[in-house]
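Peer 1: These are the residues of each chain, in order.
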Amino acid sequence: MKLKLPAPPLPDSLKPQPRPPGEKRPGALDGAKEAGISAVDWVDERTSLSGAARWMMFRKVPKGTNWFYTLGSAAMFAFLNQAVTGVFLAMYYDPSPTNAYESARYITNEAFLGEFVRGMHKWGSSVMVILVFLHMGRTFFFGAYKYPRELNWVIGGVLLVLTMLMSFTGYLLPFDQRSYWATIVGVNINGTGPLVGPYLNDFLLAGPEFSATTLSRFYAIHMLLVPGLIAAMIGAHLYLVAKLGTTAPPWLKAESDPELRKEPK
Amino acid sequence: MNRQEKEAYLREYAQLKAQGKPFFPYAVAKDSIMAVVVMAVIITLSIVLGAELGPKADPTTTTYVPRPEWYFYFLFELLRIIKPDYLVPLATLGIPTVCLIILFLLPFIDRGPERRPERRPIATATGIFVICAMAYLTYLGANAGSPTQIEIETPAAVQQAGGKTLAQYNAGKAVVAQSGCLACHKIGENGNDGPGPPLTDIANRLPEQAIARTLINPTAPMPSFKDLPQDKFNNMVAFLSTLK
Numbered sequence: 001m002k003l004k005l006p007a008p009p010l011p012d013s014l015k016p017q018p019r020p021p022g023e024k025r026p027g028a029l030d031g032a033k034e035a036g037i038s039a040v041d042w043v044d045e046r047t048s049l050s051g052a053a054r055w056m057m058f059r060k061v062p063k064g065t066n067w068f069y070t071l072g073s074a075a076m077f078a079f080l081n082q083a084v085t086g087v088f089l090a091m092y093y094d095p096s097p098t099n100a101y102e103s104a105r106y107i108t109n110e111a112f113l114g115e116f117v118r119g120m121h122k123w124g125s126s127v128m129v130i131l132v133f134l135h136m137g138r139t140f141f142f143g144a145y146k147y148p149r150e151l152n153w154v155i156g157g158v159l160l161v162l163t164m165l166m167s168f169t170g171y172l173l174p175f176d177q178r179s180y181w182a183t184i185v186g187v188n189i190n191g192t193g194p195l196v197g198p199y200l201n202d203f204l205l206a207g208p209e210f211s212a213t214t215l216s217r218f219y220a221i222h223m224l225l226v227p228g229l230i231a232a233m234i235g236a237h238l239y240l241v242a243k244l245g246t247t248a249p250p251w252l253k254a255e256s257d258p259e260l261r262k263e264p265k
Numbered sequence: 001m002n003r004q005e006k007e008a009y010l011r012e013y014a015q016l017k018a019q020g021k022p023f024f025p026y027a028v029a030k031d032s033i034m035a036v037v038v039m040a041v042i043i044t045l046s047i048v049l050g051a052e053l054g055p056k057a058d059p060t061t062t063t064y065v066p067r068p069e070w071y072f073y074f075l076f077e078l079l080r081i082i083k084p085d086y087l088v089p090l091a092t093l094g095i096p097t098v099c100l101i102i103l104f105l106l107p108f109i110d111r112g113p114e115r116r117p118e119r120r121p122i123a124t125a126t127g128i129f130v131i132c133a134m135a136y137l138t139y140l141g142a143n144a145g146s147p148t149q150i151e152i153e154t155p156a157a158v159q160q161a162g163g164k165t166l167a168q169y170n171a172g173k174a175v176v177a178q179s180g181c182l183a184c185h186k187i188g189e190n191g192n193d194g195p196g197p198p199l200t201d202i203a204n205r206l207p208e209q210a211i212a213r214t215l216i217n218p219t220a221p222m223p224s225f226k227d228l229p230q231d232k233f234n235n236m237v238a239f240l241s242t243l244k
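Same order as they appear, the protein sequences are chains W and Z.
What the first sequence shows, in UniProt numbering, is residues 1 to 265, in sequence order.
What the second sequence shows, in UniProt numbering, is residues 1 to 244, in sequence order.
Keep in mind that the hints were calculated from the coordinates and are not lab data.
Keep in mind that this is a model prediction, so the values were computed, not measured.
Don't take each hint at face value.
Here are a few chain W residues that sit away from chain Z, every Cβ distance over 12 Å (derived from the structure) [what the hints assert, rightly or not]:
1) P8
2) S13
3) P16
4) P21
5) D30
6) T47
7) G207
Derived EDC-like pairs (lysine to aspartate or glutamate); straight-line CA-CA distance at most 16 Å [to be verified]:
8) Z/K56 with W/D176
9) Z/K56 with W/E102
10) W/K63 with Z/E12
11) W/K253 with Z/D85
12) Z/K186 with Z/D85
13) W/K243 with W/E102
14) Z/K56 with W/D94
15) Z/K164 with Z/D85
Ideal placement from N, C-alpha and C gives every residue a C-beta, glycine not left out.
Please build the complete structure, drawing on both the sequences and the hints.
Peer 2: Structure, rendered in structure tokens:
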């Protein structure tokens, strides 16, 4: 809608003249608009993405959707924060047992905004875990895991486990006393598992005991394996959300249109 | 959920959806506000609490007490509560694994059509119970004393004597706890059972003098405590001689 302002009290000769009828002269803005549209068209002609984008963005969300429904996207946003800050930390971090602590110290004490970015990564993990749990709680108490969204609940469970695994593997990377000993304890707990325990330990430690390759093993798991899986799982999770739709709050009933209930005359 | 219930749900949902608003821009606006809040919280935490870096990892230390990230405290505490050796696998893997399997199978266990929390009393009560249990265990885990603390009741005689005796008892307890005795000895519920003998009732077996002599001239592999400052040593002996 165009905003209408009251006309200023100007003498007639200074008042803006209405454009004479006929062809409109294209302005600079119209040119930019035209260029934008043609660029989007160019991409769309080759990918046909506009249909998917329309399907994703213009689907309807059931009525009654409240702030509890933002927890899932908030958890995803926290994951994005982890990914971005993680990339910046990886630019300085060296995953070798001899240099890991030194590079972590360099990030914390010397790199520009280093402690800030490391802090965001560190506390972001707590925020992400809290949001994942809150999102799960909302799903549980609203009965949103029921038909037809069972599969999405299972994928969400996988995401929860992967999130915890991220925290566990990330703990070792600064290579200070706390991270070293907490990891030893965690790995030993894994090792007591029936059947798979010892193999899981071998996989995590890259050998029968903590060695020089363990740190790079944890690093690869923390920054390649698990984030890749999380990204893929979030993709599947979101696809199902868009396909099946988010639930309405459980106490809400659809109001049928009174017009439809009328007896035909 | 049988076929009829499924169809009824889908019909109801289609109506609710038809009466709703488009995802863009309505839901997107809410999500964006939430994203800004999340970002603000993370930035604030980062600025206020920073990112500490402890001393460098040293595989040769024996006294360091590791602690997990705070959201593993509830698992950590489960491990501390369950003491008997044969039950430890239950705490480390049994309970978490069973909980995780139930979590994954939840939609296949609870198949009823009802979604309102107040009309699903079992599910809602279980959920609240689990949250409370996890919160309580996390609280206990956060406040847990490290293995360099001894948690035993002060004997009534010492409590009655009060004053200097009580102060010496507490000081002695701290010295014993921090000297690594618990790595080989058991005192009440604290410490490891072996290779040293349990000290829970050491004063019944050894008089004060003998305890002092053993501390100065122990049988290997126990280290000698003769280099301890005199007052700390006296406190240690005083504490050990109350263990009956």
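Peer 1: Against this structure, judge whether each hint is valid.
Peer 2: Do the hints match the structure? See the list:
For W/P8, the condition that its CB be more than 12 Å from all CB atoms of chain Z holds, with the nearest at approximately 34 Å. Its beta-carbon lying about 44 Å from the closest one in chain Z, W/S13 satisfies the requirement of being farther than 12 Å from that chain. At the 12 Å boundary, the C-beta of W/P16 stays outside the reach of chain Z, the nearest C-beta of that chain being 34 Å off. Every C-beta of chain Z lies more than 12 Å from that of W/P21, the closest at about 36 Å, which supports listing it as non-interface.
Listed as outside the interface, W/D30 is consistent with that label: its C-beta sits roughly 25 Å from the nearest C-beta of chain Z, beyond the 12 Å cut-off. A cut-off of 12 Å between C-beta atoms confirms that W/T47 is not in contact with chain Z; the least separation is 19 Å. No beta-carbon of chain Z comes within 12 Å of the beta-carbon of W/G207; the shortest separation is about 15 Å. Using a Cα cut-off of 16 Å, the hinted pair Z/K56 and W/D176 holds, with the two alpha carbons roughly 4 Å apart.
Note on Z/K56 and W/E102: the hinted pairing holds, with a Cα-Cα distance of about 9 Å set against a maximum of 16 Å. As the CA atoms of W/K63 and Z/E12 are separated by approximately 12 Å, the hinted pair is consistent with the 16 Å bound. For the given pair, W/K253 sits about 54 Å from Z/D85 by alpha-carbon distance, which is inconsistent with the 16 Å threshold. For the given pair, Z/K186 sits about 14 Å from Z/D85 by alpha-carbon distance, which is consistent with the 16 Å threshold.
A hinted pair counts as satisfied when its Cα atoms are at most 16 Å apart, and W/K243 with W/E102 does not qualify at roughly 48 Å. For the hint pairing Z/K56 with W/D94, the CA-to-CA distance comes to about 15 Å; that is within 16 Å, so the pair holds. For the suggested pair Z/K164 and Z/D85, the alpha carbons sit about 39 Å apart, so the restraint of at most 16 Å is broken.
Checked against the numbered hints above, the structure violates hints 11, 13 and 15; every other hint is satisfied.
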